[in-house]
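Chemist: Residue-level listing of the chains:
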Amino acid sequence: MATEAANGGALLEVEGVVKRFGGIRAVDGAGFDVAAGSITALIGPNGAGKTTLFNAITGFQRVDRGSACFAGEEILRLPAYAIARRGMVRTFQITRALAAMPVIDNMTLAATDQPGERFRNLFFRPGAVRSREREVHAQAMELLEVFNLGDLAADYAGTLSGGQRKLLELARALMTRPRLLLLDEPMAGINPTLGRRLLDHMQRLRREQGMTFLFVEHDMEVVMNHSDRVIVMAEGKVIAAGEPHQVREDPAVIDAYLGGPA
Amino acid sequence: MTSLPLAVSFEAFTNLGFWSGVLVTAGIYAVVALGLQLNVGYTGIINFGQAGFMAVGGYSMAILVLEAGLSFWLALPAAVLITMAFGVLIGLPSLRLRADYFAIVTLAMAEVVRLTAQNARGLTGGNKGLYCEFEGVNQTCFDDSWRSVSEWMLGVVENFWSDPEPLLPLLLVIWATVAIGAIGLGYVQKTPWGRVLRAVREDEDAARALGKNTLLYKLQSLAISAVLGAFAGFFLALFLATIHPDDYEPIVTFFAFGVLILGGLASYRGVAIGAILLWTLLEGTRFVELPISEEKTAALRFAIVGAVLIGLMAFRPQGLFGKREEMVLGD
Numbered sequence: 001m002a003t004e005a006a007n008g009g010a011l012l013e014v015e016g017v018v019k020r021f022g023g024i025r026a027v028d029g030a031g032f033d034v035a036a037g038s039i040t041a042l043i044g045p046n047g048a049g050k051t052t053l054f055n056a057i058t059g060f061q062r063v064d065r066g067s068a069c070f071a072g073e074e075i076l077r078l079p080a081y082a083i084a085r086r087g088m089v090r091t092f093q094i095t096r097a098l099a100a101m102p103v104i105d106n107m108t109l110a111a112t113d114q115p116g117e118r119f120r121n122l123f124f125r126p127g128a129v130r131s132r133e134r135e136v137h138a139q140a141m142e143l144l145e146v147f148n149l150g151d152l153a154a155d156y157a158g159t160l161s162g163g164q165r166k167l168l169e170l171a172r173a174l175m176t177r178p179r180l181l182l183l184d185e186p187m188a189g190i191n192p193t194l195g196r197r198l199l200d201h202m203q204r205l206r207r208e209q210g211m212t213f214l215f216v217e218h219d220m221e222v223v224m225n226h227s228d229r230v231i232v233m234a235e236g237k238v239i240a241a242g243e244p245h246q247v248r249e250d251p252a253v254i255d256a257y258l259g260g261p262a
Numbered sequence: 001m002t003s004l005p006l007a008v009s010f011e012a013f014t015n016l017g018f019w020s021g022v023l024v025t026a027g028i029y030a031v032v033a034l035g036l037q038l039n040v041g042y043t044g045i046i047n048f049g050q051a052g053f054m055a056v057g058g059y060s061m062a063i064l065v066l067e068a069g070l071s072f073w074l075a076l077p078a079a080v081l082i083t084m085a086f087g088v089l090i091g092l093p094s095l096r097l098r099a100d101y102f103a104i105v106t107l108a109m110a111e112v113v114r115l116t117a118q119n120a121r122g123l124t125g126g127n128k129g130l131y132c133e134f135e136g137v138n139q140t141c142f143d144d145s146w147r148s149v150s151e152w153m154l155g156v157v158e159n160f161w162s163d164p165e166p167l168l169p170l171l172l173v174i175w176a177t178v179a180i181g182a183i184g185l186g187y188v189q190k191t192p193w194g195r196v197l198r199a200v201r202e203d204e205d206a207a208r209a210l211g212k213n214t215l216l217y218k219l220q221s222l223a224i225s226a227v228l229g230a231f232a233g234f235f236l237a238l239f240l241a242t243i244h245p246d247d248y249e250p251i252v253t254f255f256a257f258g259v260l261i262l263g264g265l266a267s268y269r270g271v272a273i274g275a276i277l278l279w280t281l282l283e284g285t286r287f288v289e290l291p292i293s294e295e296k297t298a299a300l301r302f303a304i305v306g307a308v309l310i311g312l313m314a315f316r317p318q319g320l321f322g323k324r325e326e327m328v329l330g331d
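Top line first, the protein sequences correspond to chains E and R. The opening position of the first sequence corresponds to residue 1 in the numbering used here, with each subsequent residue numbered one higher. The opening position of the second sequence corresponds to residue 1 in the numbering used here, with each subsequent residue numbered one higher.
It is worth saying that the hints were derived from the structure and are not from the lab. Since this is a predicted model, take the numbers as computed values, not measurements. Honestly, I wouldn't trust all of these hints.
What follows is a set of in silico ranges between Cβ atoms, one per label pair, in the way DEER data are often shown [claimed, not checked]:
#: 1; chain 1: R; residue 1: Ile183; chain 2: E; residue 2: Ser131; range: 49 to 59 Å
#: 2; chain 1: R; residue 1: Arg316; chain 2: E; residue 2: Thr159; range: 32 to 42 Å
#: 3; chain 1: R; residue 1: Pro93; chain 2: E; residue 2: Gly9; range: 40 to 50 Å
#: 4; chain 1: R; residue 1: Phe287; chain 2: E; residue 2: Ser131; range: 21 to 31 Å
#: 5; chain 1: R; residue 1: Asp205; chain 2: E; residue 2: Arg196; range: 27 to 37 Å
#: 6; chain 1: R; residue 1: Asp163; chain 2: E; residue 2: Glu135; range: 35 to 45 Å
#: 7; chain 1: R; residue 1: Ala176; chain 2: E; residue 2: His137; range: 32 to 42 Å
#: 8; chain 1: E; residue 1: Arg177; chain 2: R; residue 2: Arg316; range: 41 to 51 Å
#: 9; chain 1: R; residue 1: Ala108; chain 2: E; residue 2: Gly162; range: 33 to 43 Å
From the three backbone atoms N, C-alpha and C, an ideal C-beta is built for every residue, glycine too.
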């Protein structure tokens, strides 16, 4: 399903990324492309280096070597916030709901182009701040409704269930209107009904807004049915990449998962 | 006197001088604690260096007046800018550290400032402190300009109060500053800027992942707090009519933290009321008469205040005005 989407060139090109922790090479020369408008899955056994690679390309972890081009620009040495501002936004494996802030503030926080985030504008452009705030609030409520969180807007995020927090984090990331959304195990810890909603929403965003997704996932059914391309990592390297059905039959992948002879 | 344990003379509490002293001190600590509230309560950065910022502000002002011959009214904004720049300078390398390491750096910074003031005698007068400069028969003091304003204000008050309290003008200026500071900070806290600060407090990585330059916000928070520290430094210098290294010991910062804990985290109103309560308690316990020596009574005062703070932590950890949800909710 949905294999035709990889139409444009690569939105993200990662090459030869190396990240060592002491003597261990957590990421050992990994490279891959993410095509614009695609839904790409990143899979691999535990300890393959998926999350480290995620952290590296989003600026949360300094790398030892390698490059990553996002929309034609080298981003690997940029600070995390600058990468996010360029339109490549991530979520975390362990949810990072801002617990002691209301749900709605979690959402409005993420909006871009809010002049009120600059201190001086609070005093010199209060009108612009207020009008942008109204727009942002409306967008936030709309998105919360999509994720069934509308009724909880005024509650502290810390009172939400694990699954609701996961949805909130996704909705919050969408508030930034990203070009590429990186999701670290979006399905982990949420019930299948919510998971389906989330997947449907991903498909719709890709279809309607041309948004691109890269996600780490362990649920093979989700990976096989909902992604256009699958990248397989093992021991810090990319060992296979291709369409789901190709990857599934790749002997290297089967070895990595079943622990056959290397 | 010695026969009655725990006798309290209530005379002091009807004494205007007692209350004006308490309110001036409480006001100065409220200004300090407003900055701490912004840092600790709303940004999640633990600043143990407020006494250092007070010293930088106070000394800069006095040195500019006495040594550089600047007018008091120009020295004030100049000292504010110097303190702010100093805050940014300290924050730039250290705010990248984890919260607890940052706290240590700020504490050390404040001590470096104090010890420098103690030893750079040529500039700061060392342990003699700073007050007036003599040139022949002419005497210039750093607070000359303030005292003429103060006298003018007292003259106005005398129209309807024959014998006004001499501290009244300073008291009014300090509490006007507290009010403006609390209202101003309360306003910016409700804006998108304040929202980013709270996000930094909650989870800095999450804020960075959403494109917020968290270092910049932490620097701004520290700079504003340093400015409030500078103001508190001015007020303390005007109140004591001298600037002495001993007045900027770390205990000053910790009393301000006492104010913060009493008033409650994430509440600016709490800071003002917490400051009044803490200083009423600290000064009021002076008048508790016990059958023990005076030094022991003095030490006991701090024990009593400590016990009150511990009791508060146990039974009302959010302080008097803090929001409980913002303290107990976590991932």
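Chemist: Confirm or reject each hint.
Modeler: Here's how the hints hold up against the structure:
Hint check: Ile183 (chain R) to Ser131 (chain E), Cβ distance near 24 Å, so the stated range 49 to 59 Å is violated. Taken as a hint, the range 32 to 42 Å is violated for the pair Arg316 (chain R) and Thr159 (chain E), whose Cβ atoms sit roughly 21 Å apart. Take Pro93 (chain R) and Gly9 (chain E): their Cβ atoms lie about 41 Å apart, and the range 40 to 50 Å holds. As the Cβ distance of Phe287 (chain R) to Ser131 (chain E) is approximately 57 Å, the hint placing it in 21 to 31 Å is violated.
As the Cβ distance of Asp205 (chain R) to Arg196 (chain E) is approximately 29 Å, the hint placing it in 27 to 37 Å holds. In this structure the hint that Asp163 (chain R) and Glu135 (chain E) lie 35 to 45 Å apart at CB is violated, the actual value being about 60 Å. In this structure the hint that Ala176 (chain R) and His137 (chain E) lie 32 to 42 Å apart at CB holds, the actual value being about 35 Å. Distance hint for Arg177 (chain E) and Arg316 (chain R): a CB-CB separation of about 43 Å, consistent with the stated range 41 to 51 Å.
At about 41 Å, the beta-carbon gap between Ala108 (chain R) and Gly162 (chain E) stays in the expected band of 33 to 43 Å.
In this structure, the hints that do not hold are numbers 1, 2, 4 and 6, in rising order.
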